[in-house]
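Trainee: Going by the numbering used here, the first residue of the sequence shown is number 7, and it counts up by one from there.
Be aware that one or more of the hints could be misleading.
In the DSS-like style, the derived pairs of lysine-lysine whose C-alpha atoms are separated by at most 30 Å in a straight line are [stated by the list, open to error]:
#, residue 1, residue 2
1, 248, 300
2, 248, 158
3, 158, 300
4, 248, 164
Simulated restraints on C-beta separations [what the hints assert, rightly or not]:
#, residue 1, residue 2, range
5, 147, 317, 33 to 43 Å
6, 213, 149, 18 to 28 Å
7, 185, 67, 50 to 60 Å
8, 65, 267, 29 to 39 Å
9, 310, 78, 19 to 29 Å
10, 270, 65, 46 to 56 Å
11, 235, 302, 53 to 63 Å
12, 76, 97, 15 to 25 Å
13, 89, 303, 21 to 31 Å
14, 67, 278, 10 to 20 Å
15, 81, 235, 41 to 51 Å
16, 203, 302, 17 to 27 Å
17, 67, 105, 43 to 53 Å
Calculated from the structure, these hints are not laboratory results.
All figures in this text were calculated on a predicted structure; none of them were measured in a lab.
For every residue, glycine included, the Cβ atom is placed at its ideal position computed from N, Cα and C.
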Amino acid sequence: MKYNFTILLTVFLCVFLAAEYVHAQGTLRGVVTDQQDGQPLVGANILLTAADGRTRGAGTDLDGVYEVRNLAAGLYSARVSYVGYTDVRITDITIVSGQTETLNVSMAPGLSLNPVVFSASRVEENILDAPVTIERMDVIAINNTPSDNYYKSIGNLKGIDITTSSINFQILNARGFSSTGNTRMVQMIDGMDTQAPALNFPIGNLNGPSELDVESLEFIPGSASALYGPNAMNGVLLLNSKNPFAYPGLSVFVRSGFNHIGGNEDLGEPGSAQPMFETSFRYAHVFDNRFAFKANFSYMRADDWRGINYSDKNANLQGNLSVNPAYDGVHLFGDDGSFNIGLLAFSSDFIQSFSAATGLPVPLAQQ
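Model the full structure from these sequences, guided by the hints.
Mentor: See the structure below:
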């Protein structure tokens, strides 16, 4: 009997505490419609941000209705977004415990025909008023990049050429000869030059922001040395990261794939498809209207392209030997001008024949 009473008391306390917890929560619901014709917008995003920085979100259904439940009592701000419409921001939304608040939103169609740019004159201005040609990608175009790296999509812009040296190392160029180390380009992130100190040229996106933290990018093809220094002879790339005040909360993405399909293992290629994996997260928190912070983390792992061309670039220096002492393979490094020391053990006649065949002076030292 005592055992049954303990079980009943435990169940009663759990139900009572659960009821109190639910009663202490509030609900926000409403309808998102088009401002012009009043039609419901399906799939609109509603992001609520509490005073302490915590975020909750929801999407509208087929009738344009959304509902966010179990909200702690307090003040919230909301941002409503939908593709092709101007974002709506609402502040001072009060949630009361045990009550359902109604917030209906009407959205106006938005056209980004004249976006604001910074790179042309180093001050904000409309892109149509800029004194030079500017190629621009906004956050929507960056997120819709059909490649394993948004940086590669810059090559689709007008007048831009990309030299790919690695799976995550691309070099940009415009209006000039390209190379794997372009010293005639300037790349900046939020106004900071990102060229490698020991190389004196940008190293692609190896030291750039992740896809989650890029708000827009602007590219000026051609000379811009008057504003960006003598290195900006072929172009300038300006990456703008997301402001933590405007983009708070947690963002995560995971991307996977594979490459090296149909490789020939006898030639040094992988015998099967190799996996590619990338993950990234971004967290931003707003403490008040003066202080906020953000943190980014990215990790990528993949089997890069393999060089399997071992042909000799100095094949014309073979002379009378079946083995070239000056062998220099296309995809071999550290073999330039090297030769097998064992070949020198034959006689001084070999050294003299090698000198005559190559035209290189080889001093003889008798031991």
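Trainee: Work down the list of hints and note, for each, if the structure agrees.
Mentor: Checked hints:
no.: 1; hint: 248 <-> 300; result: holds (9 Å)
no.: 2; hint: 248 <-> 158; result: holds (20 Å)
no.: 3; hint: 158 <-> 300; result: holds (25 Å)
no.: 4; hint: 248 <-> 164; result: holds (25 Å)
no.: 5; hint: 147 <-> 317: 33 to 43 Å; result: holds (42 Å)
no.: 6; hint: 213 <-> 149: 18 to 28 Å; result: holds (21 Å)
no.: 7; hint: 185 <-> 67: 50 to 60 Å; result: holds (54 Å)
no.: 8; hint: 65 <-> 267: 29 to 39 Å; result: holds (37 Å)
no.: 9; hint: 310 <-> 78: 19 to 29 Å; result: violated (48 Å)
no.: 10; hint: 270 <-> 65: 46 to 56 Å; result: holds (48 Å)
no.: 11; hint: 235 <-> 302: 53 to 63 Å; result: violated (27 Å)
no.: 12; hint: 76 <-> 97: 15 to 25 Å; result: holds (21 Å)
no.: 13; hint: 89 <-> 303: 21 to 31 Å; result: holds (28 Å)
no.: 14; hint: 67 <-> 278: 10 to 20 Å; result: violated (44 Å)
no.: 15; hint: 81 <-> 235: 41 to 51 Å; result: holds (47 Å)
no.: 16; hint: 203 <-> 302: 17 to 27 Å; result: holds (22 Å)
no.: 17; hint: 67 <-> 105: 43 to 53 Å; result: violated (22 Å)
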